[in-house]
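S.K.: Sequence:
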Amino acid sequence: MCLISRLFIGQLSNYIFLKCIFELIENNHDDDELVSTSIKFLLSFNLRFDYPHENPIMLTLVAINEQISCHELIERLILLFNRSSKQV
Numbered sequence: 001m002c003l004i005s006r007l008f009i010g011q012l013s014n015y016i017f018l019k020c021i022f023e024l025i026e027n028n029h030d031d032d033e034l035v036s037t038s039i040k041f042l043l044s045f046n047l048r049f050d051y052p053h054e055n056p057i058m059l060t061l062v063a064i065n066e067q068i069s070c071h072e073l074i075e076r077l078i079l080l081f082n083r084s085s086k087q088v
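Its first residue numbered 1, the sequence shown is counted upward by one per residue in this note's numbering.
Hints may be right or wrong, so weigh each one.
Below, computed lysine to aspartate or glutamate pairings styled on EDC-like, alpha-carbon distance capped at 16 Å [as the list claims (entries may be wrong)]:
#1 40 / 72
#2 40 / 54
#3 40 / 75
#4 19 / 72
#5 19 / 66
Restraint-style ranges between C-beta atoms, simulated for each label pair [unchecked claim]:
#6 58 / 36: 29 to 35 Å
#7 28 / 78: 31 to 37 Å
#8 71 / 15: 19 to 25 Å
#9 77 / 14: 20 to 26 Å
#10 41 / 82: 17 to 23 Å
#11 31 / 52: 25 to 31 Å
Quick caveat, the hints were computed from the structure, so don't treat them as lab data. This structure is a prediction, so every number in the text was calculated from the model and none was measured. By construction, the Cβ of each residue, glycine as well, lies at the ideal position given by its N, Cα and C atoms.
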């Protein structure tokens, strides 16, 4: 992996940045396009990591468990997974 790619992934996996993404999803449920795009980003970024204990998304979710409810994220993911005909 090149240096630029490693720096970019390091910036995206920043705890504060990921926490802001989760807050954005929870606090903007009226803006469907923004929430959908944010969830697509999280799902695509998640594919870069093989193990949950190395995945900054999972680590951030565990860390913010008491602060943010993530109901909107969970509802959207369940809806997405239950749709068999429509791809992301």
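S.K.: Honestly, do residue 71 and residue 15 meet the 19 to 25 Å range at C-beta?
M.R.: Because 21 Å falls inside the window, the suggested range holds.
S.K.: Given the proposed pairing of residue 19 with residue 66, does the C-alpha separation stay at or below 16 Å?
M.R.: Given that 16 Å is the threshold and the Cα spacing comes to 12 Å, the pair holds.
S.K.: For the pair supplied as a hint, residue 40 and residue 54, is the alpha-carbon distance within the 16 Å limit?
M.R.: violated, 20 Å
S.K.: Given the range 17 to 23 Å, decide if the beta-carbon distance of residue 41 to residue 82 lies inside it.
M.R.: holds, 21 Å
S.K.: Lying within 25 to 31 Å: is that true of the beta-carbon distance residue 31 to residue 52?
M.R.: With Cβ atoms ~29 Å apart, the hint holds.
S.K.: Are the Cα atoms of residue 40 and residue 72 separated by 16 Å or less?
M.R.: holds, 14 Å
S.K.: Tell me if the straight-line CA distance from residue 19 to residue 72 falls inside 16 Å.
M.R.: Roughly 14 Å between the alpha carbons, so the hint for residue 19 and residue 72 holds.
S.K.: Note whether the CB distance of residue 58 and residue 36 lies within 29 to 35 Å or breaks it.
M.R.: violated, 21 Å
S.K.: Can you tell me whether the CB distance of residue 28 to residue 78 sits inside 31 to 37 Å?
M.R.: Hint violated: Cβ distance 19 Å, outside 31 to 37 Å.
S.K.: Can you tell me whether the CB distance of residue 77 to residue 14 sits inside 20 to 26 Å?
M.R.: holds, 22 Å
S.K.: Residue 40 and residue 75: Cα distance at most 16 Å?
M.R.: Distance of about 14 Å is within 16 Å: holds.
Checked against the numbered hints above, the structure breaks hints 2, 6 and 7 and satisfies the rest.
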